[in-house]
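K.L.:
Two chains, two frames, a set of hints: combine them into the complex.
Top line first, the protein sequences correspond to chains S and G. So in my numbering, spot 7 of the first sequence is number 7, and the numbers just go up one at a time. So in my numbering, spot 94 of the second sequence is number 94, and the numbers just go up one at a time.
Treat the hints with caution; some may be incorrect.
Simulated pairs of lysine to aspartate or glutamate, EDC-like, Cα-Cα distance not exceeding 20 Å [stated by the list, open to error]: (1) 202/G x 707/G; (2) 286/G x 32/S; (3) 126/S x 150/G; (4) 209/G x 150/G; (5) 147/S x 650/G; (6) 425/G x 30/S; (7) 263/G x 93/S; (8) 68/S x 93/S; (9) 572/G x 650/G; (10) 635/G x 122/S; (11) 425/G x 29/S; (12) 635/G x 130/S; (13) 635/G x 124/S; (14) 635/G x 123/S; (15) 11/S x 707/G; (16) 256/G x 130/S; (17) 147/S x 675/G; (18) 209/G x 93/S.
Bear in mind the hints are in silico, worked out from the structure with no lab data behind them.
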Amino acid sequence: MAQITLNVNSKSRMVDVDPTTPLLYVLRDDLELKGPRFGCGLSQCGACTVIIDGNTVRSCSYPVSSAKNKQITTLEGLGTVARPHVLQTAFIEEQAAQCGYCMNGMIMSAKVLLDKNPHPGDDDIKRALEGNLCRCGSHLRVVRAVKRAAGERV
Amino acid sequence: METSTISRRELLKGTGALVVSFSLFGPAARALAQAAAGGGEPEAASLDSWLAIAQDGTVTVFTSKVELGTGTETALAQIVAEELDVPFSRIHMEAGDTSKSVDQAVTAASRTIERAGPQLRQAAAVARRELLRLASERLNTPAEQLTVNDGVISAKGDAARKISYSDLLGDKRFNVKMETSGTGWDLKISPDVPVKNVNDYKIVGTSVKRTDLPGKFTGEFTYAQDVRVPGMLHGRVVRPAVVNSKPLSVDESSIKQIPGVVKVVQEGNFVGVVAQTEWAAIQAAKALKVTWSAPSTSLPATPEELYAYLKNTKSFNDQVTVNKGNAEASLSQTSKKYEATYRWPFQLHGMLAPSCAVADVRGDSVTVWSGTQGPFRTRKSLSDMLRIPEKNIRVIFREESGCYGRLSPDDAPLDAALLSRAVGKPVRVQWTRADEHGWEPKGPAQLITVRAGVDAQGTIVAWDYMERGFPWSESAGNPLLAARQIGMKSVSPGQSNGTAGGGEAYEFENQRIIAALIPWSQDTPTPLRTSNLRAPGDLARTFASETFLDEIAADLRVDPVQFRLRYLKNNKRVTEALVAATEKAQWKEHISHSAPSAGSKAMGRGVSVSGRDGTITAAVAEVEVDKSSGEVSVKRVTLAHDCGLIINPDGLRNQIEGNIIQGVSRTLLEEVRFDAKGVKNLDWVSYPIVTFRRVPDVQIVLLNRKEMPALGGGEPSTVPVPAAIANAVYDAIGIRLREVPITPQKVQASLRSKSPEQRA
Ligand code: FES
Ligand code: FES
Chain S
1 MAQITLNVNS
11 KSRMVDVDPT
21 TPLLYVLRDD
31 LELKGPRFGC
41 GLSQCGACTV
51 IIDGNTVRSC
61 SYPVSSAKNK
71 QITTLEGLGT
81 VARPHVLQTA
91 FIEEQAAQCG
101 YCMNGMIMSA
111 KVLLDKNPHP
121 GDDDIKRALE
131 GNLCRCGSHL
141 RVVRAVKRAA
151 GERV
Chain G
1 METSTISRRE
11 LLKGTGALVV
21 SFSLFGPAAR
31 ALAQAAAGGG
41 EPEAASLDSW
51 LAIAQDGTVT
61 VFTSKVELGT
71 GTETALAQIV
81 AEELDVPFSR
91 IHMEAGDTSK
101 SVDQAVTAAS
111 RTIERAGPQL
121 RQAAAVARRE
131 LLRLASERLN
141 TPAEQLTVND
151 GVISAKGDAA
161 RKISYSDLLG
171 DKRFNVKMET
181 SGTGWDLKIS
191 PDVPVKNVND
201 YKIVGTSVKR
211 TDLPGKFTGE
221 FTYAQDVRVP
231 GMLHGRVVRP
241 AVVNSKPLSV
251 DESSIKQIPG
261 VVKVVQEGNF
271 VGVVAQTEWA
281 AIQAAKALKV
291 TWSAPSTSLP
301 ATPEELYAYL
311 KNTKSFNDQV
321 TVNKGNAEAS
331 LSQTSKKYEA
341 TYRWPFQLHG
351 MLAPSCAVAD
361 VRGDSVTVWS
371 GTQGPFRTRK
381 SLSDMLRIPE
391 KNIRVIFREE
401 SGCYGRLSPD
411 DAPLDAALLS
421 RAVGKPVRVQ
431 WTRADEHGWE
441 PKGPAQLITV
451 RAGVDAQGTI
461 VAWDYMERGF
471 PWSESAGNPL
481 LAARQIGMKS
491 VSPGQSNGTA
501 GGGEAYEFEN
511 QRIIAALIPW
521 SQDTPTPLRT
531 SNLRAPGDLA
541 RTFASETFLD
551 EIAADLRVDP
561 VQFRLRYLKN
571 NKRVTEALVA
581 ATEKAQWKEH
591 ISHSAPSAGS
601 KAMGRGVSVS
611 GRDGTITAAV
621 AEVEVDKSSG
631 EVSVKRVTLA
641 HDCGLIINPD
651 GLRNQIEGNI
661 IQGVSRTLLE
671 EVRFDAKGVK
681 NLDWVSYPIV
691 TFRRVPDVQI
701 VLLNRKEMPA
711 LGGGEPSTVP
721 VPAAIANAVY
731 DAIGIRLREV
741 PITPQKVQAS
751 LRSKSPEQRA
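So here's chain G without its partners, still in its complex pose (with noise of 0.2 Å):
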């Protein structure tokens, strides 16, 4: 159980309050330089909000960083112990309590590592200079004169001088002033204090494993779901077919007969019910009787008008990536002319955990227990939604499922807080499965053009590249699910759905990459709420224009590699990375589909590059395609992964895998149906994802960077995936399909479509 009352100040005073979570992070005296602090938030330039040393010689590290399944948390204190000089297993992080932490922003965009990771290794940096002054004091010995090996300074050539950290400096503050300018991503931290260098780095680089892992395979690990507060009572939403409807009328005496329900919460459209059980709870939501407005809209309604809205509907923002040359006047001087059109469906996140939180609002304060990957960004949604300062706030970060983005706009502790301003209790609120395939906000739908030019030498002179896709609807302020149905309206467009992908890694001498913004809001009738899904947008500009690339290839009759090549002569990171992955997977030079084989079942090979805030992948994927059923299965994909320096190789290959893993199942299985009534594949049958048998061999090169900075690893190796397959089955049965999800109907449809003398 947790309390719902812990402060920093009751962490000093060592209240007996029963707090299981607080002990799995040790004792709580840990925690006790930083809370020496007394009240106020803790700010930036201060050491003492980002690091505390305890009597033990724990060091505990304060971020508002989360994890989420990706081992972040662990490769954060690698760099903290790596420049601090302490053994990795005497990091301690304390993540994503706002009261404890300074806003870094969500976790998010593969970004922790490149943008966090400086922001700690800086304070680590700082606290080591301050311990070596400390030090020299005590041991009359100039700084430069000392030397620290885990955790304890001693000067050069007489080990006998030495005292440790914790006896420097044991549950007290460094009081230290940093240098910091930006706030969140771009929060920068005393920059100009010298760090290590790479090639002295024992601890980064290193395989350490995850500090995580052990409790969940144990059952001893606490996720959100797990939270229990004393008096806790268990919620559940009811929810309508689009956010805009009303509640006509709620009949409460539909649920009479269910003991332990002890209030029917409606306010504005939202509607929910406390009980005492969880399963009173479940029972009464499903039970109750609800008559719900049917308001009419002008967005689609069917998967099938979706592409035509988005093909026929003004743009409010043209993202121009990149603009070079004329890509218009040139292809219409070329003779060879190329061009294709994708789409890409909307996509669920789908955690496997529902959304699920804990409330406790007590007059105008609040305490949140939830897995949000932006502990602040949570905080200013349910001021916004409950018109409680922020101060008067509190979120604490505990993990739910893997997100991949989902948390970003965190759902669930605006429930909460709203049935547990209503009955005066900690409300804990789960989703169902419904409620989450139903409600979660999903990647949005994309439809991209490309057109190519060549000219007689046949290289490629022209490139234009249009997308056509919605922005985030949950983003950029704007309120959440709950806020909406008790009356917020949008405050924005909504953020862009990302921009980078759509061939910018090749230089060809005329070329437009555009993105557009198509409207998709909430204050207009949807059941499709829409956010940030791994790699936003990614997945479907690569698969669009490294499929595209290679159509041309092909029917330039070029091996797909070396066509490649050609255009990326001054691009040394993507080249390399494409070599390593077609040389790991024993690429053989070939033209496309120019050996197809005759018997039922036909192999095929296809590559794809991508590029993703300074991470490069390459990617090689084998499939069997099943002429008959149609089936693709995919045997083996091969990935070269360059992200600059790597923190910790086993990590990453984990995330590798399951990005390639989850690739696979975004493009042979998954799309969300809908009609004007909702979502339609509210559960696991009806929303397939990968399961064992059709999980690849997968195969990775980890090129390492020691001479750059490091950069993401959550996302960027999922991007490739789509197009690699799509082109693999182009060389198994000369077929381009070109929209996702690649199934065997559509794989059967286009077989049929074919000539008899094609289908050979």
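Okay, chain S solo, but in the shape it has when bound (with noise of 0.2 Å):
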């Protein structure tokens, strides 16, 4: 066990774990958040996303220990239902989900396209959000809300 500060969604954490355990689980079982979820712990689906120093990570596969001293966005970190981030209102307004479990996924990544190119074209957020499975086939609906977060953005 070692006692680990992590910054997330800009608050300091301190978590008492065994360093080699997956960011994913320090997220959801030590300090509670329910943004990321456990899909796969592969590597292969995205519903872990989180975005760390600006780039998205998969937490499922990510270490505690390298998440030191390193700034960790959740989805939580976004937006709440009272006060959405642009992407989750544009998300609401296409109804873009179905069980919404891969939504994480889908959300942290378009954040992550949308702040290093705030005007996609179809195409390149296809190509962004490629890695993020969905069973439930809700992608096109996604494309259409990430589109009208670029759209809606200031």
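P.N.:
Pasting the structure below:
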């Protein structure tokens, strides 16, 4: 066990965990966050995506010890139902989900995309999200939502 | 966190327990009116079992129908809001808690809107009538002279004389008995109580936004995977290759070095670990050395053996859907005969979130949280396994990811219960990706042969559809995985894999449609369990019958749409759907593959229709085939959909888009591979599904039939997709692929085996 200080959603949080623990389980079990989700634990689906220092990271395969001194953003760090982020509003407007389980990965990946490319075309969006699996088939709505968010960006 | 001990009584007392998910549902006070019933299980005949009106005007609806990601909760809330005349935003759904709802049977088979819709609508109509009666007394005005608007009853022509639902009955019980008959899907509630005229609908028929989505986009929503209970430990199961394997040895010293392991649990053939942290449980389950026995089997151990087994094994039940005229005799008389055989492999549900449940077993009382499609079914399977009476078991639904039938047989609660019982604490079990791919019950394989006879005029006079498929081993009261591992045996051969879809939409003079069930039981060692996968069996049935019809049309040199219309003469709804889809897709009449493109890439269009439990769909697929790589890309799918009265048009479109995309995935990519040691595709790399680059454009035509009841929209629109794609591939390259998935390898191989002139 080791005491590790993490910076999550702009707050400093201390955890006492086995340092080899993948970040996902620390976020979910120790910090009680529900945004990052477990889908495969194999870096294959994207459900666990978080943003670390501006890039998407699959937290299921990223040891918590590597996250020290880095800025971690989870879905909760974007917005809330009461005060949603522009991407979250766009996803609501487009009703871009069925079960929604994959949507953490979709929204977090879209956030990084829009930060780097504020006006992506359909193909840019599809390429950026290609590694995020959705079994329900919400893909078309997700593309529309990301486009809507890009259009509304200030 | 949730507490494991919340009961309706405690809700009443308002315990100080930390209950996040209840606060998501608003103040627990909303459940008060129902809770005031005190003890006992909700009875179908009591209106208070279904509806409660709170002081603040909230209307709580209690139902055992659950949200599976398809938007049914929102649609059911619309139905209640409409019938009760309250704003949609005041409806609060309390779904899937066995202690607070009546058993309406599993949420499955696209039957929720069709069956539970009327159940809730009738209860709402009874409630409205009762509220009017009470208001009539209070306002001293005959009920006929009262009107309702947004939950406020007022006298017609004197709006000042009014009273709200909450002033009449806030936090109080209705104490109204209703007439009921039947149970589960067939439960009927006061069917004679008059309901609103469809033409007066204001909420039903509109695209109300889903209530569950905002929280899913922000991380505030609580999935079953997020349930945390005080004192909860983490469990993982360790599975063998086949269910009947025995652990010959379990070497506990192999996990000595992992800190935080609480216990290795072994009960019969069931092995699991419990640990203080999730990471410790994961590592322990992985490291634990177990030597399993390798039982020999008579079931096919490879995909090659599979179709031979299907073909050669005696059926235990021939389900006859249609038997008109004499297909056999007619076939022997016609000079022109056609015959083709189609193969459909085992496929995965492939939930994005592997199964998860939390169980708290304390003596003879049990609380379970899971994403089960049937809270009461899960309660029964727990009761059977633990030998604890059902009344002592409470199952609380929390949504998991979309499951497409997978959580009809919900396994994880049983795992969690065995582990919890062994350690005397609440235990959360999260299946791994490999557990889920390997052990989820698969959509069964099918082998279908269709024969037809055509007379001198080019008319099909005989149609003979013969399917050989497997039942669902995980159904009809059969024990689930953990229960089998502790020694329980099958009680039935399993339920059939659906029965409709072998060309019964068409009228042929002589027609026979049979689905034969070939034995498939977990009592014989096999790694493949079977259950209902979205639109069970119907993708294969429609793939076979609609491809076959296309083959005949092409051979007789008739446009495939015109050919179908000939045999749909008396089937108005299918005809209209087909016409709507082809018009939208700007279908140009042509004989399939009559004008093949010479280039390296060929475009093609194919059509297909299907019916499922009254819902009609017709699809046109447009594909591009790369002749050198064999790659098929689906460019666009146009689909016309008729499910009677539409409750929520955008919700329905959402579902149809998803069904089309999943249909493309199942047609082009998906096949479970296995051998005697187990399933071989245990992750998403070895079992690929559709990703963004393969997603086609989608065009949808909704046919709203206000004169009809609302039918299911959950799954029917995935059914016509495979045949439409296969027919489009033929149109493009002149090759009939009769086995799914339609992979580049199969396309290439068929292209190579074609003669040079055919290859044009
Ligand atoms: S859970 Fe991390 S990629 Fe799937
Ligand atoms: S919405 Fe269900 S997995 Fe994407």
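K.L.:
Take the hints in turn and mark each one as holding or not.
P.N.:
Here is what the structure says about each hint:
no.: 1; hint: 202/G x 707/G; result: holds, 16 Å
no.: 2; hint: 286/G x 32/S; result: violated, 25 Å
no.: 3; hint: 126/S x 150/G; result: violated, 44 Å
no.: 4; hint: 209/G x 150/G; result: holds, 19 Å
no.: 5; hint: 147/S x 650/G; result: holds, 19 Å
no.: 6; hint: 425/G x 30/S; result: holds, 19 Å
no.: 7; hint: 263/G x 93/S; result: violated, 48 Å
no.: 8; hint: 68/S x 93/S; result: violated, 36 Å
no.: 9; hint: 572/G x 650/G; result: violated, 25 Å
no.: 10; hint: 635/G x 122/S; result: holds, 15 Å
no.: 11; hint: 425/G x 29/S; result: holds, 17 Å
no.: 12; hint: 635/G x 130/S; result: holds, 17 Å
no.: 13; hint: 635/G x 124/S; result: holds, 18 Å
no.: 14; hint: 635/G x 123/S; result: holds, 14 Å
no.: 15; hint: 11/S x 707/G; result: violated, 57 Å
no.: 16; hint: 256/G x 130/S; result: violated, 41 Å
no.: 17; hint: 147/S x 675/G; result: violated, 45 Å
no.: 18; hint: 209/G x 93/S; result: holds, 8 Å
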